[in-house]
Amino acid sequence: MRHLKIAFLMLIMTFWLKAESFYVLTGVDRFDPIVVADGKDFQEYNDEIKALMQGTALELNVDTKNQPSTVLAFLISKFAVGETVGVRVSLELGEYVKRNEQATEVFVLSYRQQKVFEFSKEDLEDDLADTVEEMLETFATQYRDDNKKLSQKKKAVTQETFDKDMNYENSYKEAQGKAVKEGKDLMVFMTTSYCP
Numbered sequence: 146m147r148h149l150k151i152a153f154l155m156l157i158m159t160f161w162l163k164a165e166s167f168y169v170l171t172g173v174d175r176f177d178p179i180v181v182a183d184g185k186d187f188q189e190y191n192d193e194i195k196a197l198m199q200g201t202a203l204e205l206n207v208d209t210k211n212q213p214s215t216v217l218a219f220l221i222s223k224f225a226v227g228e229t230v231g232v233r234v235s236l237e238l239g240e241y242v243k244r245n246e247q248a249t250e251v252f253v254l255s256y257r258q259q260k261v262f263e264f265s266k267e268d269l270e271d272d273l274a275d276t277v278e279e280m281l282e283t284f285a286t287q288y289r290d291d292n293k294k295l296s297q298k299k300k301a302v303t304q305e306t307f308d309k310d311m312n313y314e315n316s317y318k319e320a321q322g323k324a325v326k327e328g329k330d331l332m333v334f335m336t337t338s339y340c341p
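The numbering of the sequence shown is this note's numbering, which starts it at 146 and goes up by one.
Simulated from the structure, these hints should not be mistaken for lab results.
Just so it is clear, the structure is predicted and the values come from calculations on it, not from any experiment.
Treat the hints with caution; some may be incorrect.
Simulated restraints on C-beta separations [to be verified]:
| # | residue 1 | residue 2 | range |
| --- | --- | --- | --- |
| 1 | M155 | T283 | 16 to 22 Å |
| 2 | K293 | D192 | 31 to 37 Å |
| 3 | I151 | N315 | 51 to 57 Å |
| 4 | M155 | V251 | 28 to 34 Å |
| 5 | T286 | Q321 | 43 to 49 Å |
Straight-line alpha carbon distances no greater than 27 Å define the calculated DSS-like cross-link-like pairs of lysine-lysine that follow [said to hold, decoys possible]:
| # | residue 1 | residue 2 |
| --- | --- | --- |
| 6 | K195 | K150 |
| 7 | K260 | K195 |
| 8 | K294 | K318 |
| 9 | K223 | K260 |
Virtual Cβ for every residue (Gly too), placed ideally from N, Cα, C.
Using the sequences and the hints, build the whole thing.
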């Protein structure tokens, strides 16, 4: 029972933090979309899924023409737990990266997302479409967040103009008056050019 409480608490904390993923999609500007479906139940949906992947790539301005070194793949397979059959859908980004201080490249999974649902022949098309669209939307949202340009304007801050650049007050009395007026605390930051 104690382990169940801890697992439940961890689940609640995960939702509370609203964590997307611990993977980082910064700088991914090209990939080759592929679909690997295990079993004939899924083969007929491969082209539709690949078209959705192409559409997402186009929306994100990602190049998808002949990029064999970086692959975004949907892996679809069936699994069984007792008498229940489920469908496992994984979205994975694999690419070659260089290890620190080595010239050799290794193939790594730099993004992974997985969902499962119960297999039903009648509802397979709808369930699969909903799952794929949801996973691509999650991928696209994280991609946009990770590749967001924060500012086009670059401003150099120097020690001579630091106070003006950061909108700090130079006069203690003026800063104290503003802090009292706004009901805020006052933080004092002092520097000196004298060093013994």
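Hints and how they fare:
| no. | hint | in the structure |
| --- | --- | --- |
| 1 | M155 x T283: 16 to 22 Å | holds (20 Å) |
| 2 | K293 x D192: 31 to 37 Å | holds (32 Å) |
| 3 | I151 x N315: 51 to 57 Å | holds (52 Å) |
| 4 | M155 x V251: 28 to 34 Å | holds (31 Å) |
| 5 | T286 x Q321: 43 to 49 Å | holds (45 Å) |
| 6 | K195 x K150 | violated (41 Å) |
| 7 | K260 x K195 | holds (18 Å) |
| 8 | K294 x K318 | violated (39 Å) |
| 9 | K223 x K260 | holds (12 Å) |
In this structure, the hints that do not hold are numbers 6, 8, in rising order.
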